[in-house]
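**Student:** Here is what each chain is made of, one letter per residue.
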Amino acid sequence: MVTGVLPLALEDATKTIQAFLLTGKEYVCLMALHGEVEEKKIQAVIEEFVGDILQRPPVRAAVRRDVRKRRIYYIRDVEIGGRDVLFRVGCQAGTYIRKLVYDVGEVLGVGAHMRELRRTRAGSFTEEESFSLYDLMQLSEAKTEERETLARRMVKPMESAFEYVPRIYIRDSTVSSICHGAELAVPGIVRLSEGIVPKMSIALFTLKDELVALSKALMSSDQMMKEDHGLAAKTVRVIMPAETYPRMWKTKTVTVQA
Amino acid sequence: MSQRAPWEEQRKLLVKLEEETDPALGCSPTKRPLDQHLRFGLINLDKPSGPSSHEVVAWVKRMLRLKHAGHGGTLGTFTRSEQSDGHWRASSSS
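Protein sequence lines correspond, in order, to chains A and B.
First residue of the first sequence: 146, per this note's numbering; consecutive thereafter.
First residue of the second sequence: 5, per this note's numbering; consecutive thereafter.
Incorrect hints may have been included.
What the hints assert, rightly or not - For lysine-lysine, the following DSBU-like pairs were computed, each having C-alpha atoms within a straight-line distance of at most 30 Å: (1) A:288 / A:244; (2) B:35 / A:288; (3) B:16 / A:353.
To be verified - Ranges of calculated distance between the beta carbons of each label pair, as one might list FRET restraints: (4) A:227 / B:32: 48 to 58 Å; (5) A:203 / B:27: 17 to 27 Å; (6) B:32 / A:254: 51 to 61 Å; (7) B:31 / A:192: 42 to 52 Å.
If you are wondering where the hints come from, they were derived from the structure by calculation, not from laboratory data.
In this text, all values refer to a predicted model and were calculated from it rather than measured experimentally.
Virtual Cβ for every residue (Gly too), placed ideally from N, Cα, C.
Generate the whole structure from the sequences, applying the supplied hints.
**Tutor:** Take a look at the structure:
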């Protein structure tokens, strides 16, 4: 029933799958209206749903059924054929398209249901660059050289999930302490995304573009640029194995006198 | 929260200091040896209609002989919720 982009994470990359849960999605949706409506009116009502909308999750949902605000970034490529309406929608994570369709139907006054749904994007992963189960079967059956070629083509580094996540690049000498769970202090920062605000979910990278950890910002980008000390981000989830970069921080040594 | 989709937004990088990285340490994500490439890898799967997201993960896991695998954002009728508060989770969430 629902098809399209489903990001899969392998082995240690499983920890990074959250990046996809948090990110925006794009779908192509086929809506079936339960009555005749003028094309102009359909267009106009669909247009009204772009922006912030309020949604109550459907009865069969895995979350509390509290009304929540979701953003519809755009609705494009609307094609109308009688009672069938096809459209492309870009939306925030956690938007229920089935519910959106139902609500459009209510506003139109005739009712509507979702007939088909295809996810055409999850964050940086697009439909055009996706692989089928059949492709994966070929990878699983391939031997040596062919296997390497296919694996390089079909498997992407976990870092590719973070293309749109605000980030901080940190110094080599800071990496190990982050891997051991420490917070990021300002002196460890080399480059950073603009527009970071406190509490924002961000990612820490090495200067070689390796993902180190998922963090919560404690300062804004402006503060991080201005300050020369203080804590910039709290480490939430360490991704990089701790032994990847050498330990470079100093520990107090206690000399015990015999 | 921005008006535009994340993929339609440009986020500039600010430079705080000039710093180099030691080539002897770590490894660029695109140059990882094959075993590590898989260990830290993602697959952009085009899910067919029929099986649930959960079933698809189980198949791929068996097919590629993986110990762990997870999927991001269920595609199906009875969907597990996507994280709604917009924040990272410290524990595994797939």
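**Student:** If a hint holds in the structure, say so; if it doesn't, say that too.
**Tutor:** Hints and how they fare:
About 46 Å separates the Cα atoms of residue 288 (chain A) and residue 244 (chain A), which puts this hinted pair outside 30 Å; it is violated. For a cut-off of 30 Å, the pair hint linking residue 35 (chain B) to residue 288 (chain A) stands: about 20 Å separates their Cα positions. Proximity of residue 16 (chain B) to residue 353 (chain A) is assessed by CA-CA distance (about 18 Å); at most 30 Å being required, the pair is judged to hold. In this structure, residue 227 (chain A) and residue 32 (chain B) meet the distance hint of 48 to 58 Å, their C-beta atoms being roughly 53 Å apart.
In this structure the hint that residue 203 (chain A) and residue 27 (chain B) lie 17 to 27 Å apart at CB is violated, the actual value being about 52 Å. Between residue 32 (chain B) and residue 254 (chain A) the beta carbons are some 57 Å apart, a value that agrees with the proposed interval 51 to 61 Å. Distance hint check for residue 31 (chain B) and residue 192 (chain A): the Cβ-Cβ separation is about 48 Å, which falls inside the suggested range of 42 to 52 Å.
Figure legend: structure checked against the earlier numbered hints; hints not met, in rising order: 1 and 5.
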